[in-house]
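Starting from the two chains in their separate frames, assemble the complex, guided by the hints.
Which chain is which? The protein sequence lines are D and C, in order. Note that my numbering gives residue 363 to position 123 of the first sequence, counting from 1, and the numbers run on in steps of one. Note that my numbering gives residue 167 to position 151 of the second sequence, counting from 1, and the numbers run on in steps of one.
Be a bit skeptical, because a hint or two may be false.
Said to hold, decoys possible - SDA-like mimics (lysine to any residue), calculated; alpha carbons at most 25 Å apart, straight line:
no., chain 1, residue 1, chain 2, residue 2
1, D, 424, C, 62
2, D, 747, C, 233
3, D, 324, C, 160
4, D, 797, D, 307
5, D, 507, C, 184
6, D, 503, C, 184
7, D, 561, C, 66
8, C, 70, D, 307
9, D, 799, C, 47
10, D, 561, D, 633
11, C, 70, D, 479
12, D, 424, C, 289
13, C, 70, D, 405
14, D, 507, C, 101
15, C, 100, C, 305
16, D, 478, C, 66
17, D, 324, C, 63
18, C, 47, D, 633
19, C, 70, D, 480
20, D, 431, D, 734
To be verified - Non-contacting residues of chain D with respect to chain C, defined by C-beta distances greater than 10 Å in every case (computed):
no., residue
21, 328
22, 434
23, 454
24, 503
25, 533
26, 536
27, 570
28, 639
None of these hints come from the bench; they were simulated from the model. A quick note: this is a predicted structure, and the numbers were derived from the prediction, not measured. We put the beta carbon where it would ideally sit given N, CA and C, even for glycine.
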Amino acid sequence: MAKGNDGRRIHPGVRRMTAQLAAGRCDRREFLRTVTLLGVSAPAAYAMAGRILGQRLVDPLQAAQDAPRRGGILRVSMPVPEIKDPATFDWTEKSNCVRHMVEYLTYTGPDNVTRPYLAERWEASDDLTQWTFHLRRGITWHNGDPFDAEDVVFNFTRWLDPATGSSNQGLFAAMTEEYDTGEKNEDGSPKMGRRMRSGAIEKLDDYTVRLNLSRPVLSIPENLFNYPTAIVHRDFEKNGGDLLAWPVGTGPYTIADFAVGEKCILKRVDRPYWGEALEDPFIGGPIYLDEIHYYDHGAASAAQLAAFASGQVDMTFEVGKDSLQMAQSVPGAVLYEVTTAQTGVMRMQVDKKPFDDPRVRKAVQLCCNAEVYPELVYLGRGTVGEHHHVAPIHPEYFPLPRFEPDVAEARRLLAEAGYAEGLELTIDVGNTNGPWQQQVCEIFREQLAPAGIRLAINVMPAPQYWEIWDKTPFGFTSWTHRPLGTMVLSLGYRCGVPWNETRYCNKAFDEALDAAESTLDVEERRRLMERVERILRDDAVIVQPLWQPKFTVASEKVKGFRAHPTQYHLFHRVWIDA
Amino acid sequence: MLKLALRRFGAMVLIMAVVSFLLFLIFESDKLAVAGKVLGPYSSIEQRELWLEKEGYNRPFLVRYGEWVADALRGDFGQSIRFKAPVSDLLWPRLANTAILAGLVFALMIPLSLTLGVLAGMREGSLLDRLLSFLSIGTTSIPEFASAAFLVALFVFELRWLPGTSSMTGGFDWRQLVLPVAVLVLYDFGYVARMTRASMAEVMTSPYIRTAVLKGLPRHRVILGHALRNALIAPFTVIVLQLNWLLSGVIVVEVFFAYKGFGALLYEAAMFGDIYLIEACTMVAVFVAVFSQFLSDVGYTLLNPRIRFAREGG
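Next up, chain C with everything else stripped away, as it sits in the complex (with noise of 0.2 Å):
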């Protein structure tokens, strides 16, 4: 088990060294377009020529990457382009908003999912099952940017009952949450209820519980004692692989919603062409992305015996 984890963290860095050398590459190998892009369109080529010397841009290249995975391992990646501050203090801020947004949304989106994934999975084929199917497929197809604008021409605009955006400019205000996270809830919670759905009723028609049913066992056991624990393994990874879906879904729905988290941040940035924050904002989510399938990768193993087994035995 210890040795599955230490081969996942290895290649967890690995990729994340893969990532950040060819991010560089892309973005600081042109050093001419770099300084361009910190002077300004109007800056002559003397003005950048100076400034590179200056900055150290005339080194090796690859001195210049191995100092800079230095400065970002220390947290640092330089100052944005256009916030004019240090790209540090943008990051941590915008990802806490996100974490808030994302919180949020698990928090609602887990429970509501699981509960009608496994009523609906619990009778395949009955009533119940094929109106949350019906349901969660259709939330699931439409996209956040169309349900975002059915919402707000409903709340905002019709009835009038909720902000339109939700910048925070006068302070927390839980009002200015409850459209981006409905959003997100409604568009993520059909497809972790149609996985829970499809795992409880695989694991309804197995032998084991086929087996606790004819031994006598009230339903409510059969279903909390057996049926749940087993059903929920397949759930789990894909809850924690919407770690990695939430931080690039959120995009659409923070700037519909001018919210300001790290979706917007990562979007203004590659707008604006603002290299130290793309760098510093793609690293951020490599890093979500590798680290939340190395979290399902062992949470997975952990829950589901027979993987193991099937590892130890080859």
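Bound-form chain D, shown alone (with noise of 0.2 Å):
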């Protein structure tokens, strides 16, 4: 086994990366996130990569930055919603209002590169099956308790017991098992769940814990900054389970004030960050606002920008691209774009009629035509989608042949299912990320029409959706940003886990998944993916028009803010220009 300068071993796949780099067989962008998650530190990584490229890399935000200047607030129009129960966030906003208070043991920055947070590093085994986690030591709880393996260890036992109904076990797939719940499903079959495997979790002293999964995931430090995977005190049940009534965490703020549908007010703890001595371009460093507000003003973009341009608010979550015109005309004001895989799907339940017909999901995907939705929807940006959840900005993405629309065909498999008449379908659609959603639906509508297949949109309130949104057999559901395709895929599209809400399974995916999932190389993972890709295209499970950009708008008086794909908020190098 290979040891750096440090003594530390380093993962055999580092070598193979800086190979590839050299070679260019991958690029700057893949090579940081993968030596990263492999447990070089994020300077080193940098380091490295300027080495082998010749170039001279700044840290991201030092280079931007003059003169930063300590105090002040920071008001943000954002939705605030309840916030009891960060295993259970579903929301972005949700992780948000806390994402300051309750921290990751890793997190992605907005270069989409994944770094030690909680943890200090990591290392995995080689057929990355066991991934070790050494935790920082010195951090201590906002109640004075020291933070250790223990919290740790109880949030994973958390995440993966059934009972909490954490979306994380999807996430940790690899650390379950079915098991036989003792009752039975209504065709009498023994009904089955998942739970912990025992032993997926070890403590192996103090400030180390290890994860055993049942099969190779590359994507664990990656796993461990989604919305659901803050970690709390190991005494959070103990205290009643809510974070408002018991708000201890390990972030340099903590809940000062909070009303549903009202406001969010962090303010500064009465201690020092431990965070102020780390080196890291994003979470490091001192912490400069005394305050973060969130004020709610409706989901809708309108409102939170007139808040915005009568200066009640610094910043706005977000800005729809109905906006965008207006929030530039407002002085002062700095748009901000990344572009995301942020996305929606119309997607097709295949145990319910007609849609556990193959041929009518095959029909009903043949009919759309993706490459006239970003300049319709979203005047020219945006990218094309090509059913299969995977975006081109991820870094496993294999591009597949053009996807061709043919309406003949499509009229060719309904009347083979027995549809030779035509057919009525309804679609629901709950605008839950912006009216941009039913656009989508009403110009698919006309896509359909020449195949004889009639588009009913059923819109319907945002909430409303949320309820229906894995029982209606055809919907608009949008997914959110995640850094690596096979991450969606795992929540989404494996047989079985909670958000499958297309109720998809496919032995024959999940094992390709597996594989790729399993994967280091680059090149290699890519190539997997092509299998994984066509699976789940083939077998027509949802219709992906397009990928979204995302906006957002704040004052220029606010500094050292960069805008995150997934509108994750980290605003610990933010300071507010007197």
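What follows is the structure, given as structure tokens:
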């Protein structure tokens, strides 16, 4: 086993990546991302890339900053939902409210590179089935308790307990097993559930934990910066399982005032923050802001923008595409655009009529000419979708041959499936992410018509859609950005995972995804993704017309802010210019 | 008169009883759905059943309804699902906020619309009458969401004079009330002014006004002493009924300006399917609707002797 200069072991993958970068077989971003995942610190990774590529690489934030100022309040307009239990978070806004209070083992920066956070470093076994996390020493909870391995073990155990109802079950499926719940399904077959495998997490000492996986998984560090993976205190449940009633975290801020639908006020905790001594471009160094205020002006970006225009807030959570020009017209406004893997899918439930017939699903998919959507919906911004939920900005993206819409073939398939006279479909759309979703459905309705499919669009309020998002036979669901394509596929398309809204279950797909997720080599992994993408696209469970760009606006007084592709807020380095 | 008031009051109670029963039937007859709402989409059937047992949901429907009514009469509407707080704690401050908004709207709208209506109705067909009619029809036919967007574009984005939202996050700020009040007054004053104008114009053509004029009374005494009192009977009813309109009409305005009032609360409750909150808000809205109707009926009878005589004679 290779060792680095400091005597620590270096994953053999790092050497392979170094060779690949030197040979031009992977790009700088992929290199940084992969070697940091394998335990190389971010500054070292930047330095290595700099040496190989002969570039002078500056810490991304340092170059941009002039003398930062301490103090001040950052006011943000963002919906303020209920935030009791981080493990069950299902909205980015929820995690933003507490992101500076409860922290994560790792974090993925706005540059899509994952770095250490509460964990100081980590190693993976060569076969990627064992991940050892070394926790930082000297971090204390707001109540004075030291942060250690007990906390991490508690969180994993809680996430993977089916009673918690956390979507982390899907993220860490390799730590779980199927078991017989002792109950029966309606058809008399035993009802199966998922729970944590015994020995899936081991406490090696007070500051070291090891995850033992049933199959290789590459994205463990990235999975640890998903919105429901914030680490809570080991006594969280003993104290009511409610973050508001017992606001104890490790971060620089704590909740001082909170009202659902109104505000979330965060204030600096009255003790030194461990991260101030950390060298890191996004979370290390002095904390500047005294307070962070979130104010709820509703989910509509027009009200957020009105609050911003009149100086009631310094920043908005999001600017809708229809308000871009309006936002730019505000004096002193700085518009931030970020390319994302956020998207929406028109997904069909494979166990409900008529979508239980693959020919019907294929026919629906064949009607979609995705090329027109970015232009019609985002005025030329955004990226064309390919019906397999892996974005071109994902490192493992494999470009399949272009998807050719074919209305004649769609008609033939429909006739074969017994719908020669045409088919009536209704899609539920909740505009959970803005009216663009309805617009997409309207365009698709026109594209379906020539094949004899008449689409009715059932528009409903967003919260109502979230009640039925995994129940409706045909619905439009928005999915947020994740740094790896495999992450969403694991969450949403594996057999039986909680967020599998299509009820899709294909062992061949799961195996192909397992293979891709267990492969470190970028070229090799990308090659394996071809099969994953192809199976998902050919099985036609989703129609995915496009990938969204995201916008936000902040006052020019807000310094040091970087827009994150997942709209996660990281305000450690943000300061307000007087 | 007392008999009439009692009869009206009885009808009011009956309406509220029927509405409350329907409301309870719609929202709480499916027990498992209630438990699913409260415990969230990931809760298991077993968890829901345990909860139902614990909360006494397994008792007969009518027993539960009776208890719900008794609690509601005491002001206890249960726990809001979305806000995780007692409904009554949310309801009264929000109602107070809406009362502030509505009070201001009334304080501006009533004198404005009555003055304009009387001025226009005094001389039907005059230039002033035509001008005011044009203005009031124009403003009334623009819906609140459109005038709100227009006023925000002008005063927030263009001139930068006024705040764009009215959440009062930093404490009470009268500037934040300007736009919501302006939108509501703009929408409503025209309607009341038109009613006043019509009533005034009718009175001005009545025989006793002609008599007063022919008697040689000065014009201002004819208007103030004879015409006005009678001309204001019809607008009174309309104004009282605006109470009801304000309670529902403010939803658009409150949501647009993120004003934390009753309308926005009802909207959020409906959007999130927060059943206990919806029940409470609906009952309050129904109460205001029937109570304003009651006030308007009784008030109209008091003001207009013709109705009283007709009823007593019949």
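The hints, checked one at a time:
The hinted pair formed by residue 424 of chain D and residue 62 of chain C meets the criterion: a straight-line CA distance of about 13 Å does not exceed 25 Å. The hinted pair formed by residue 747 of chain D and residue 233 of chain C fails the criterion: a straight-line CA distance of about 98 Å is larger than 25 Å. Of the pairs offered as hints, the one joining residue 324 of chain D and residue 160 of chain C is violated, with about 36 Å between alpha carbons and a cut-off of 25 Å exceeded. Simply put, residue 797 of chain D and residue 307 of chain D have alpha-carbon atoms about 13 Å apart, close enough for the 25 Å limit, and the pair holds.
Only pairs whose Cα atoms come within 25 Å are accepted, and residue 507 of chain D paired with residue 184 of chain C is accepted, the gap being roughly 20 Å. Among the hinted pairs, residue 503 of chain D with residue 184 of chain C is consistent with the structure: their alpha-carbon atoms are about 11 Å apart, no more than 25 Å. With a C-alpha separation of about 46 Å, the suggested pairing of residue 561 of chain D with residue 66 of chain C is violated against the 25 Å cut-off. At roughly 59 Å between alpha-carbon atoms, residue 70 of chain C and residue 307 of chain D are farther apart than 25 Å, so this suggested pair is violated.
Between residue 799 of chain D and residue 47 of chain C the CA atoms are separated by roughly 52 Å; this puts the pair beyond 25 Å, and the hint is violated. For the given pair, residue 561 of chain D sits about 21 Å from residue 633 of chain D by alpha-carbon distance, which is consistent with the 25 Å threshold. Taken as a hint, the residue 70 of chain C and residue 479 of chain D pair is honoured in the structure, with Cα atoms around 22 Å apart against an allowance of 25 Å. For the hint linking residue 424 of chain D to residue 289 of chain C, the alpha-carbon distance of about 31 Å lies beyond 25 Å, and the restraint is violated.
Only pairs whose Cα atoms come within 25 Å are accepted, and residue 70 of chain C paired with residue 405 of chain D is accepted, the gap being roughly 21 Å. The hinted pair formed by residue 507 of chain D and residue 101 of chain C meets the criterion: a straight-line CA distance of about 23 Å does not exceed 25 Å. With a C-alpha separation of about 28 Å, the suggested pairing of residue 100 of chain C with residue 305 of chain C is violated against the 25 Å cut-off. Among the hinted pairs, residue 478 of chain D with residue 66 of chain C is consistent with the structure: their alpha-carbon atoms are about 21 Å apart, no more than 25 Å.
For the given pair, residue 324 of chain D sits about 18 Å from residue 63 of chain C by alpha-carbon distance, which is consistent with the 25 Å threshold. Only pairs whose Cα atoms come within 25 Å are accepted, and residue 47 of chain C paired with residue 633 of chain D is rejected, the gap being roughly 47 Å. For the proposed pair residue 70 of chain C and residue 480 of chain D, the alpha carbon gap of about 19 Å is at most 25 Å, so the pair holds. At roughly 18 Å between alpha-carbon atoms, residue 431 of chain D and residue 734 of chain D fall within 25 Å of each other, so this suggested pair holds.
Look at residue 328 of chain D: its CB is around 7 Å from the nearest CB on chain C, not clear of 10 Å, so calling it non-interface is violated. With a closest Cβ-Cβ approach of about 13 Å to chain C, residue 434 of chain D is found to remain outside the 10 Å limit, as its non-interface label requires. With a least CB separation of 24 Å from chain C, residue 454 of chain D remains clear of the 10 Å interface cut-off, as annotated. A cut-off of 10 Å between C-beta atoms contradicts the statement that residue 503 of chain D is not in contact with chain C; the least separation is 6 Å.
Chain C draws residue 533 of chain D into its interface by the beta-carbon criterion, the shortest separation being 8 Å against a cut-off of 10 Å. Listed as outside the interface, residue 536 of chain D is inconsistent with that label: its C-beta sits roughly 7 Å from the nearest C-beta of chain C, within the 10 Å cut-off. Against the 10 Å criterion, residue 570 of chain D falls within the reach of chain C, whose nearest CB is about 7 Å from its own CB. The Cβ of residue 639 of chain D sits about 37 Å from the closest Cβ of chain C, beyond the 10 Å cut-off, so the non-interface label holds.
In summary, the numbered hints that this structure violates are 2, 3, 7, 8, 9, 12, 15, 18, 21, 24, 25, 26 and 27.
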